[in-house]
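Kindly generate the complete structure, drawing on both the sequences and the hints.
Each protein sequence line maps, in turn, to chains A and B. Numbered according to numbering that gives the first Met the number 0, the first sequence spans residues 0 to 322. Numbered according to numbering that gives the first Met the number 0, the second sequence spans residues 0 to 59.
Worth flagging that the hints you see were computed from the coordinates, not collected in a lab. Here a beta-carbon is modelled for each residue, glycine too, at the ideal position from N, C-alpha and C. Please note: incorrect hints may appear among the correct ones.
[Unchecked claim] Computed, partial: chain A to chain B, Cβ under 8 angstroms:
hint : residue
1    : C85
2    : S88
3    : S92
4    : M201
5    : F220
6    : V224
7    : E250
8    : R254
9    : V258
10   : L301
[Claimed, not checked] Below 25 angstroms or equal to it, Euclidean Cα-Cα: the simulated BS3-like pairs (lysine-lysine) are:
hint : chain 1 : residue 1 : chain 2 : residue 2
11   : A       : K284      : A       : K178
12   : A       : K212      : A       : K231
13   : A       : K125      : A       : K178
14   : A       : K300      : A       : K284
15   : A       : K231      : B       : K4
16   : B       : K4        : A       : K212
So you can see what is in the structure, the chains are spelled out below.
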Amino acid sequence: MDIYQSTVDYLLPFPIFSSWQEMRTILQRIASTQPCDWRLPLIACQALGEPAEKAIPASAALACAQISIILVDDMLDDDPRGEYRCIGSGRASNLALAFQSAGLEALSRSTASSSVRLEALNSLNKMMLTTAHGQELDVQNPADEISYWHIVENKSAPFFGCAIHLGALLAEARADVTKNLEQIGQLYGEMIQIHDDLNDTMAMPANPDWLQKRKPLPILFALTVEHPDRRKFLDLYQNILIENALQQAQEILIRCGAVSYCVDQLIRRYQAARDTLNETPVPHKEVIDSLLEAVIAPVWKLFETLGLSPNVLPTIVPLSDRK
Amino acid sequence: MNTMKGFYASISSGSQLKGSYLEALSEITSLSYRQAQALQSDLTWQNWSQQNSETATRGA
Numbered sequence: 000m001d002i003y004q005s006t007v008d009y010l011l012p013f014p015i016f017s018s019w020q021e022m023r024t025i026l027q028r029i030a031s032t033q034p035c036d037w038r039l040p041l042i043a044c045q046a047l048g049e050p051a052e053k054a055i056p057a058s059a060a061l062a063c064a065q066i067s068i069i070l071v072d073d074m075l076d077d078d079p080r081g082e083y084r085c086i087g088s089g090r091a092s093n094l095a096l097a098f099q100s101a102g103l104e105a106l107s108r109s110t111a112s113s114s115v116r117l118e119a120l121n122s123l124n125k126m127m128l129t130t131a132h133g134q135e136l137d138v139q140n141p142a143d144e145i146s147y148w149h150i151v152e153n154k155s156a157p158f159f160g161c162a163i164h165l166g167a168l169l170a171e172a173r174a175d176v177t178k179n180l181e182q183i184g185q186l187y188g189e190m191i192q193i194h195d196d197l198n199d200t201m202a203m204p205a206n207p208d209w210l211q212k213r214k215p216l217p218i219l220f221a222l223t224v225e226h227p228d229r230r231k232f233l234d235l236y237q238n239i240l241i242e243n244a245l246q247q248a249q250e251i252l253i254r255c256g257a258v259s260y261c262v263d264q265l266i267r268r269y270q271a272a273r274d275t276l277n278e279t280p281v282p283h284k285e286v287i288d289s290l291l292e293a294v295i296a297p298v299w300k301l302f303e304t305l306g307l308s309p310n311v312l313p314t315i316v317p318l319s320d321r322k
Numbered sequence: 000m001n002t003m004k005g006f007y008a009s010i011s012s013g014s015q016l017k018g019s020y021l022e023a024l025s026e027i028t029s030l031s032y033r034q035a036q037a038l039q040s041d042l043t044w045q046n047w048s049q050q051n052s053e054t055a056t057r058g059a
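Here is the structure:
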């Protein structure tokens with residue numbers, strides 16, 4: 000089954016898509032890029048041994064929610080790729096509101112039982128509320144590590160938790176199973192955010208995170224921890240456009256342990272997700288397992304580059320440590 | 000709570016490493032810039048974030 004085509008086919012008959020051409024255009028354009036995230040409800044359904052078709056309303060709801068989030072996020076970030084650049088902030092906001100509601104409609108039109116539909120609607124609505132709060136917190140730039148993780152828990156984790164949760168709900172899984180799968184999705188989302196932070200800080204030329212003086216995890220580490228290059232890093236951070244400043248700052252990120260810390264945090268989440276999966280009665284664990292393996296693969300590659308084996312992994316301290 | 004500072008203290012002390020795990024992580028600090036860039040453009044963080052979460056990528 001092509002989940003992207005199925006999602007589009009499911010949504011286009013809604014009256015709002017018939018009467019609003021931009022909604023159709025945006026949906027079809029983004030579907031053509033085949034966002035991996037849209038597959039997450041399907042993955043949950045497959046892991047539970049249910050037919051893929053059951054996940055279509057969830058994928059459609061998630062697709063609409065994601066488009067809504069991106070429409071707003073691009074305005075917050077002044078992202079040149081944003082729709083608002085073409086149509087203006089007001090119209091982009093209208094579209095964001097419409098997609099958010101279309102996501103709810105996608106679930107309410109599902110053929111699932113009324114109790115499942117209600118739970119799914121609650122899940123999606125809660126995610127949108129939490130994500131909006133997370134975006135608002137993110138605008139304020141984290142002052143410290145506690146704030147950073149608070150933002151990640153609100154901004155990045157809920158979307159992925161909800162994606163898996165919706166798939167599990169529509170597969171009519173038991174409550175304890177849907178809850179565990181949601182937790183795995185949240186951990187997965189946190190891992191993606193850490194990857195993204197690493198990518199943005201190590202990219203060349205300077206990513207907007209550097210230019211806008213934001214504090215993704217590696218930069219926050221280098222600004223927080225009292226390492227020998229901290230003062231120099233702060234100076235480079237404040238003058239990142241000076242020749243060679245970015246490379247020097249990135250070298251410090253490696254040397255001071257910022258990259259190591261991100262790897263540590265990825266591994267902790269990977270292990271927590273594996274532990275949760277192991278104690279969850281899911282018939283096809285391998286489906287979720289491959290999702291987790293894909294997100295940790297860069298870490299194993301890094302270990303391989305350094306001649307290390309994943310066998311060094313200990314039973315590490317639980318994530319509750321960071322609370 | 001400050002896990003960053005605790006982590007830094009652990010990997011920089013060189014003595015209180017739990018098995019070889021933290022020791023392995025401390026080895027990442029000796030990656031050369033060239034190695035890091037190769038990893039960046041080759042297959043790791045960059046590929047992941049481009050191929051995956053549009054939300055995280057655009058939301059960061």
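Taking the hints in turn, this is what the structure says about them:
Using the Cβ-Cβ criterion of 8 angstroms, the hint placing C85(A) at the interface with chain B is not satisfied: the shortest such distance is roughly 16 angstroms. Interface hint at S88(A): violated, since its Cβ lies 16 angstroms from the closest Cβ of chain B, which is beyond the 8 angstroms cut-off. With a cut of 8 angstroms, the hint placing S92(A) at the interface with chain B is violated, because the nearest CB-to-CB distance is about 16 angstroms. Against a cut-off of 8 angstroms between C-beta atoms, the interface hint on M201(A) holds, since the closest Cβ of chain B lies about 5 angstroms away.
Because the smallest distance between the Cβ of F220(A) and any Cβ of chain B comes to about 5 angstroms, under 8 angstroms, the interface hint for this residue holds. Hint status for V224(A) relative to chain B: holds, with the closest Cβ pair at about 4 angstroms, below 8 angstroms. Taking 8 angstroms as the C-beta cut-off, the interface hint given for E250(A) holds, the closest approach to chain B being about 5 angstroms. Of the supplied interface hints, the one on R254(A) holds, with its beta-carbon coming within about 5 angstroms of a beta-carbon of chain B, less than 8 angstroms.
Against a cut-off of 8 angstroms between C-beta atoms, the interface hint on V258(A) holds, since the closest Cβ of chain B lies about 6 angstroms away. The beta carbon of L301(A) is positioned within 8 angstroms of a beta carbon in chain B (closest approach about 6 angstroms), and the interface hint is therefore held. At roughly 15 angstroms between alpha-carbon atoms, K284(A) and K178(A) fall within 25 angstroms of each other, so this suggested pair holds. Distance check on the hinted pair: K212(A) and K231(A) sit about 16 angstroms apart at the alpha-carbon level, within 25 angstroms; holds.
Simply put, K125(A) and K178(A) have alpha-carbon atoms about 14 angstroms apart, close enough for the 25 angstroms limit, and the pair holds. Taking the CA atoms of K300(A) and K284(A), the gap is near 23 angstroms; set against the 25 angstroms cutoff, the hint holds. About 18 angstroms separates the Cα atoms of K231(A) and K4(B), which keeps this hinted pair within 25 angstroms; it holds. Taking the CA atoms of K4(B) and K212(A), the gap is near 22 angstroms; set against the 25 angstroms cutoff, the hint holds.
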